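My request is simple: use the sequences and hints to build the entire structure.
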Amino acid sequence: MAVDKNLLSGSTTMLLLKLLERGDMYGYQMIAELKNRSKNVFELKAGTLYPLLHAMEKKGFVTSYDKAADNNRVRKYYSITKEGLQALQDKKNEWNTYASAINRILGGVNCAY
Amino acid sequence: MHTDKISSFLKLVGEQIRWEKAQPIVVEEIQNHIEDLKNALMDDGLDEDKAIDQAIKEMGDPVVIGEQLNRVHKPKPDWAMLILICGILLLGLAIQYYCYYTRSSISDSMSALSIFQKHILSIVVGMILLIVAYFIDFTIVGKYPKTIFIILYIVCIYYILNGNLINGQVQDTIYPLLLFPTAFAGFVYSMRNKGYIGIIICGIGFLLPASIALLSPNMTMLFFLCISCLIILTSSVTKGWFEVSKLSGLLIIYVPTAFTFIAMLYGIVSSGWRRESISVFLSNDNIVTGANWLTTQIQLHLSHAKLIGIGSPIDAVGQTLPAIHTHHLLTYIIYNFRWIAFAGIILLFSTLIIRGIILSRRQKSILGYLISLSVITTFTMQCIIYISVNLGFAFFSPLSLPLISFGRKYLVVNLFLLGLLLSVFRTGDYMRDSKTKIASNQLLPFIQYKEGTIHINLKSKTIK
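In the order they appear, the protein sequences are chains A and B. In terms of our numbering, the first sequence opens at residue 1 and continues consecutively. In terms of our numbering, the second sequence opens at residue 1 and continues consecutively.
Because the hints were derived from the structure by calculation, they are not lab data. A quick note: this is a predicted structure, and the numbers were derived from the prediction, not measured. Treat each hint with caution, since some may be false.
[To be verified] Some chain A residues judged to face chain B by a derived CB distance under 7 angstroms, without partners named: (1) 22; (2) 23; (3) 51; (4) 54; (5) 99.
Virtual Cβ for every residue (Gly too), placed ideally from N, Cα, C.
If you want it as structure tokens, here you go:
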């Protein structure tokens, strides 16, 4: 199902941090993993991923290091920092507040009275 | 043909990033991404040509990607550090003004006003040097370590032969020696992968500045150099720079250091005027006009200082704290401005040092790490020595209280080093230690003739 990109834009940082919480990854790996785990709903473009990742690194949420890969290549791996874990927790709380508010209005399964 | 498409895509991305230093690293990551995408598509059954076309299509618009990355990668000064440096400089200026205001004449040769004017002039010159160092590519320290080492050494030798003697000591060697730890960081950097031999060469390299400190003779400088260079060398060994076992590497450094230290202690204790000076220091005679008069003066002022409120009056004999603009400024400040002023100064310096350590630990390249570490160490060691002396633990003669105490060359050298530190924090993230960059392969011509061999560059591999 095609999903409006606007729905995704605010929460990409959270999703990337969540991926990195499980282990260090390089850029392409993150896109593939996100696509796989969302059953093809989230198809992040490189043009969105890298500016976001680099901005997250500047904020101190992630840190990167080089690791030799096959074919003489050097891959840039990203690793979540303490600040990143804290940011993930904040984003999760924010998301839960937002999602439950939407659900209340839509009257979904978690509909509150 | 295939690589052409990828190259022109990467070229377009790179062109959008205005800051040249950021280009290679960013482009290399995007290049890896395209390669991964292409390989995945080929695994799905596409031939290489189609896989490349598809991969480039999936990447999106190179100009848009480049522009977005350009917004993230802009050189930014570390404002907190810059504000701290300016704050300490202004505080120093205010303190020097206070000294000028309260004391009309400091010595026969220099009036308090001329000292204050010279202090201002030094700040102006120092700030110009800070700006120059800020825009310098700090990697030259790693590229030409031997040249820098030799130039500093020649300057030192010149001062030893021609410098003015003050109390039997060549003072001028202090300033090039303050730059030695940073030059030493570059020297250690050039010893990558050289194993135990590399560590030993670094040890021999250290003997050059150490010999100058001994010849000067300046024991404070020797102590300063020992600690600074030990910190740099120890960090390099523990970071695996020499590719040796950490324990053996540390033993190679510390066993000879310990022996030298013991031998020096023995030399001091067994004979000579140094033993006498130490016994005077330890005797604590507490007579204002006695052999231990300087320590007594300091202790007298400190004991009369109050936590809040100006220090209680000292009798006429005790009012002669010397060198208040230079060596004993802090004691004078504590006495006149209470212990709370001391706490404020310590807080300012600690903040700068701690921030410096945090940022240098974040450096990705070992060169950035070693240079920032060396500058922070130089700064910290000056502070520790100065503060100890001003609190009455006067084993050494003090260097400077960086950016605050009067000393034109000290100010200029310290500001230059801080400029270099800011330069590392500005560009350090974009430095790589490896000498060959993967992204630069695409810039190599297909066939190259070098040193009697023909090199054919096929993608990233070179066949001879």
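Measuring from the C-beta of residue 54 (chain A) to each C-beta in chain B, is the shortest one below 7 angstroms?
Holds. Min distance 4 angstroms.
Go through the hint on residue 99 (chain A) and say holds or violated, using the shortest Cβ distance to chain B against 7 angstroms.
violated (28 angstroms)
Double-check residue 51 (chain A) for me: the hint is only fine if its C-beta lies closer than 7 angstroms to a C-beta in chain B.
For residue 51 (chain A), the interface hint holds, since the closest Cβ of chain B sits about 4 angstroms away, which is under 7 angstroms.
Hint check: is the beta carbon of residue 22 (chain A) less than 7 angstroms from a beta carbon of chain B?
violated (19 angstroms)
Does the interface hint hold: is residue 23 (chain A) within less than 7 angstroms of chain B, judged Cβ to Cβ?
This interface hint is violated because 17 angstroms lies over the 7 angstroms limit.
Hints 1, 2 and 5, counting from the list given before, are not met by this structure.
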